[in-house]
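K.L.:
The hints should help you fit chain B onto chain A, whose structure is shown.
Sequence order for the protein chains is A and B.
Read in order, the letters of the first sequence are residues 1 to 311 in this note's numbering.
Read in order, the letters of the second sequence are residues 312 to 558 in this note's numbering.
None of these hints come from the bench; they were simulated from the model.
All values reported here derive from a predicted model rather than from experimental measurement.
Take the hints with a grain of salt, since some may be wrong.
As the list claims (entries may be wrong) - Simulated coverage check for chain A against chain B, where a stretch passes if three residues somewhere in it have a Cβ under 8 Å from a Cβ of chain B:
#1 50-58
#2 101-111
To be verified - Selected chain B positions facing chain A (Cβ under 10 Å, derived; list incomplete):
#3 Leu395
#4 Leu399
#5 Arg400
#6 Leu487
From the three backbone atoms N, C-alpha and C, an ideal C-beta is built for every residue, glycine too.
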Amino acid sequence: MTSIDVHGLTKDYGATRAVDQLTFSVRPGRVTGFLGPNGAGKSTTMRLVLGLDRPTAGSATLGGVPYASLENPLRRVGALLDAQAAHGARTARDHLLALAVSNGIAGTRADEVLEDTGLAAVARRRIKTFSLGMRQRLGIAAALLGEPDVVMLDEPSNGLDPEGIIWIRELMRRMAREGRTVLVSSHLMNETSSFADHLIVLGRGRLLADLPMQEFLDSRTRPGVRFRTTEAARLREALIRRGFLPVQEEDGRWTVDGATAEEVGAAAAVSGIPLLELTELHTTLEEAYLALTTDEAQFAAASSPTAHQEA
Amino acid sequence: MNTSTTAVLHSEWIKIRSVRSVSFSLMAIFAATLAVTVLAFATVGQAEADSPGYEPLFSAFYALNFGQIAAICFGATALSSEFLNGALRISLSAVPRRGLLYGAKVSVVGGLALVMGLITSFATFLVGQMFMGEYAIGLGDPGALRASFGGGVYLALIALFAAGLTAVLRSAVAVLSTLIPFLLIVSFVVGDVAGDIARYLPDQAGQAVLHQNPAGGLGPWTGLAVTAAWAGAALLAGWWALRTRDA
Chain A
1 MTSIDVHGLT KDYGATRAVD QLTFSVRPGR VTGFLGPNGA GKSTTMRLVL GLDRPTAGSA
61 TLGGVPYASL ENPLRRVGAL LDAQAAHGAR TARDHLLALA VSNGIAGTRA DEVLEDTGLA
121 AVARRRIKTF SLGMRQRLGI AAALLGEPDV VMLDEPSNGL DPEGIIWIRE LMRRMAREGR
181 TVLVSSHLMN ETSSFADHLI VLGRGRLLAD LPMQEFLDSR TRPGVRFRTT EAARLREALI
241 RRGFLPVQEE DGRWTVDGAT AEEVGAAAAV SGIPLLELTE LHTTLEEAYL ALTTDEAQFA
301 AASSPTAHQE A
Chain B
312 MNTSTTAVLH SEWIKIRSVR SVSFSLMAIF AATLAVTVLA FATVGQAEAD SPGYEPLFSA
372 FYALNFGQIA AICFGATALS SEFLNGALRI SLSAVPRRGL LYGAKVSVVG GLALVMGLIT
432 SFATFLVGQM FMGEYAIGLG DPGALRASFG GGVYLALIAL FAAGLTAVLR SAVAVLSTLI
492 PFLLIVSFVV GDVAGDIARY LPDQAGQAVL HQNPAGGLGP WTGLAVTAAW AGAALLAGWW
552 ALRTRDA
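With the rest of the complex left out, here is chain B:
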């Protein structure tokens, strides 16, 4: 890593921390997930634990559904801040090597999302279980450590997926208004109707890692790899868009 790469990474970090909507989204990954975890587990946690088909491990990460929306907001706003009013021209004047600029930005977004994702994922597991009394499981239980780690990676991948799409569409609004309804509605509906294909959707595939014994075809790591492929494809498309277009 030469000086200029380090310098550009540092610059991208300053850009992210200095825009409130971006840094708030990053913190919201943790805040939203923990808040929902506390609310849900304090109220209905133990009551549902007796119901048939209850999966203690997967349920422990219920609140990641909300955290992932913050992760999408983070990935989208971090990238979209470059596309407002020609801000990209200023950035490219400073760092004309577009690959370096994009790579540094994506690395910082991914790195921050991964750190925040891992903290969030472990915290939500540990905090949630504090409310579960006799039903509580620990990190030593089968799959728990893997699910906690995988949940953090999953959040980072979702943030990168949103970041790549934003680089293509050049607008956080466009990405948020497509991706969030998709995750909240389409994925649930399609997931019930067409199980085979739905398994390969970016959210459903990655969430396999949260199950103790993922049902169906995708194993925990395979599922995460499918989500990584989605994120990678979005990032490549974003790179292609940035590389070829006039700023």
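The shape of chain A in the complex, shown without the other chains:
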């Protein structure tokens, strides 16, 4: 199976450094979420991996080979970069057919992926009549054309309706289960947390984190619990005696920072206080990500005032 290996990758556009000494590997068999704010260098990195842009320094390889050296690359790597890029005057089928033929892929595959992506009915319509969601599906169809080991999708859920978003999530999970390498960029945190096993986080072109999703969440999680009880005053005292500081929320629930459910549950049991609800608080990917990038943003604001743009 094929992994994506990026080593010391750097790309300057004029005076702007879009990608800064990136080193990471994307492994097969799992979905890797590629996170970062707009302008963090996600799209640039994907273009560099595909050999579309030339790196200023460093290298990007697929299974040890640069993309440009792959024979029939669509059979190895499927990429969705920009759903608007397909020529509007062509029909969806002709667009896919031209791609398939160039890589020695049977023309019937074009019909299959059109079917798989729900575009069979509009296969002979010109792409300029397509909605954003349909173009997105066409871009995904093109990525699937060669049944590749490696799939790179840049913001695949752009413009998709809720069913489409569920569909693409299931598709990515399935491809990872089949042992393929799946790299998916997004700036939508909740969505990414619904499909990614592993995360690579970029900020201003630099690598901020490269670790399993759960580890990323845990590393940013301070334990905490929320509870509801009929004898709040007594439990509050009991918890304060144990060194915690319960705070009452507007809805009547209490939260305790730094405590685990075991500790609060035990405290309640010892005092014979009935608990109506006891929940551990989990950090969402969004919170963990924001905590990570806030540090980075402060550093960035202090070191350089120039804004980066999505390149």
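P.N.:
Chain B in isolation, oriented as in the chain A frame:
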């Protein structure tokens, strides 16, 4: 020719036939030339044949002036369709060897333009002469066969010239709005003023092949070779632009 070259050529053919503006321009080379030939020869054909300085062979290809505009449109739109909205990224993802992609595209554009050019050139000669009555000349007349063949090659070279410029400028609009006024206006005006230099302009040089006895320095094949040099230079510049730039 290995499989992948054949495959990429086939893919480029699909790309050209599947964009209407490109395939229409290709057909317009024939349609425009024939339409103007019929119109011009049916109305003023024989009337001018008596005037002094009339050159029956060169006049037979008068309508190529219009066909060459379609040839420019064909060369320009065939290439520019790759530069719209980052379409080139999709093409290069499929065929990352830029030389192979560019070479295949240029070959298909050149090949199609040559076939269409030859059909057009022979057809315009033969159809035009049908209206000429007693003044008619045939393919057996001196220079006629060479001019008909050369006219087709000329159209292909003009299409390739436009294709190369489009690869440099990445825009059909830029190429069309430079090249067409140039051919229609500048070349005529400059051609009258500065004869020596004008002979080496891409259109004037190549059109030497349409004359029975080309006046001035350039022979029919030399003239065509000068146009080929222009086209080759434009294609090389296009290759250089594609090879070095980020897609």
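K.L.:
Can we keep the leucine 487/B interface hint, with Cβ of chain A closer than 10 Å?
P.N.:
Nearest chain A Cβ about 17 Å off; hint violated.
K.L.:
State whether the coverage of the segment 50-58 of chain A by chain B holds or is violated, taking the criterion as 3 or more residues with Cβ-Cβ distances under 8 Å.
P.N.:
holds (count 5)
K.L.:
Let me know if the C-beta of leucine 399/B comes in closer than 10 Å to any C-beta of chain A, holds or violated.
P.N.:
holds (8 Å)
K.L.:
Would the hint on arginine 400/B be counted as holding, given a Cβ-Cβ threshold of 10 Å to chain A?
P.N.:
holds (5 Å)
K.L.:
At least three residues with a C-beta closer than 8 Å to a C-beta of chain B: is that true for the segment 101-111 of chain A?
P.N.:
holds (count 4)
K.L.:
So, leucine 395/B near chain A? Judge it on the closest CB pair being under 10 Å.
P.N.:
Holds. Min distance 6 Å.
Checked against the numbered hints given earlier, this structure breaks only hint 6.
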